[in-house]
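A.B. asks: Take a look at the letters that make up each chain.
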Amino acid sequence: MVVMGRPDDSELVRRARGGDGDAFGVLVDRYMRAAYAVALSVTGSHEDAEDAAQESFMVALQKLEECRSPERFAGWLLTIVRNRSRNLVRRESLRDTDELPASARSRAPTPDRETERSELRGRLAEALDALPQAQREIVLLHDLEGWKHREIAERLEIPAGTVRSHLHFARKALRDALDESPVRGAGGKRA
Amino acid sequence: MNKVRTGGPDGRENHDDGLNSRVVMTELDPGISDSGYWDRFRFRIMSRAAEELARRRAAGVTIGDVLEKWSRTLVPLAAAAAAVALILIWRGPSIDAPLTMGIEEALTWDLEDEVLPTLFGGEAPGEASAFIFASEAF
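Order-wise, the sequence lines are chains A and B.
According to this note's numbering, numbering within the first sequence proceeds without interruption in unit steps and concludes at 218.
According to this note's numbering, numbering within the second sequence proceeds without interruption in unit steps and concludes at 915.
The shape of chain A in the complex, shown without the other chains (with noise of 0.2 Å):
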């Protein structure tokens, strides 16, 4: 089905399974940033959340026949994010024990780490750190990504009042966590 030319995820999954790169593209252009936000609210990292959203369209295209629902591919899909993401964070929470400190954990350098930019990305990690994984996973969604409560609730197969309930306990926490914690630099990986 095509909406005032702009066709459906069923539509382009469909395309897709047939090798039709521009269909495929459609996709990723559709929720690339959603992948990464969720990938992020997992890993905690960029360069981690950048390689499981990249890997995870990977894997989504490979297995897109195990896509029963395709008007439903973006849950599928954040759901295969969600899943390489703390695979990623064992395996690397593994091999970085007793390797790195962890104010060395970060692959890249910041460039500007000094900045206030990086400052605030800094307490805005530590303060998303500190969410339980659900409501971080929201409001990225919702802040980052710019989903709407029915959106988010329907690609991810949950409730509204739910997500409404995640998004307003995870701002209130991000704030007071805010309005309180010292700059502490880049946020670290989550193990």
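Mixed in with the good hints there might be a few duds.
Mimicking EDC-like on lysine to aspartate or glutamate, the simulated pairs with C-alpha atoms at most 16 Å apart in a straight line are [said to hold, decoys possible]:
id, chain 1, residue 1, chain 2, residue 2
1, A, K90, B, E829
2, A, K199, A, E153
3, A, K199, A, D156
4, A, K90, B, E828
FYI, nobody ran anything at the bench for these hints, they're computed from the structure.
Chain A is fixed; fit chain B onto it per the hints.
C.D. replies: Quick look at chain B alone, frame taken from chain A:
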């Protein structure tokens, strides 16, 4: 220490859900400080996906597809042939239709009357009658 701004990603206050104004998360968006970030992000995914997409296109041409293409031509033809046959059956055999006969029948058709004259090599039927008479007499 920085003051944490509140509001939507586009700078507007968020009143859509009756909750308190949102904490700005856009600082965590890598595209904020690097305008080409998401283009590169997408490019990397599409580059890695190219091989799998090509494999899917190649695998898309299956025996089933070939048969399906054939069937698209053959089914209408078969249907048309069946329709013609039905029409012919429905109309029944035509009176004016030529008689059909087998090869053997065609070879022997209308030959019986000429067998004896041909056998005796003559045109006159009298010779045959004389022969019959003579054979009966002896």
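A.B. asks: Would you mind marking each hint as holding or not holding in the structure?
C.D. replies: Results for each hint:
Restraint check for A:K90 and B:E829: satisfied, since their Cα atoms lie roughly 11 Å apart, inside the 16 Å limit. For the given pair, A:K199 sits about 15 Å from A:E153 by alpha-carbon distance, which is consistent with the 16 Å threshold. Of the supplied pair hints, the one linking A:K199 and A:D156 holds, its CA atoms being roughly 14 Å apart against a limit of 16 Å. In summary, the hint linking A:K90 to B:E828 is supported, as the alpha carbons are separated by about 14 Å, within the 16 Å threshold.
Of the numbered hints stated above, none is contradicted by the structure.
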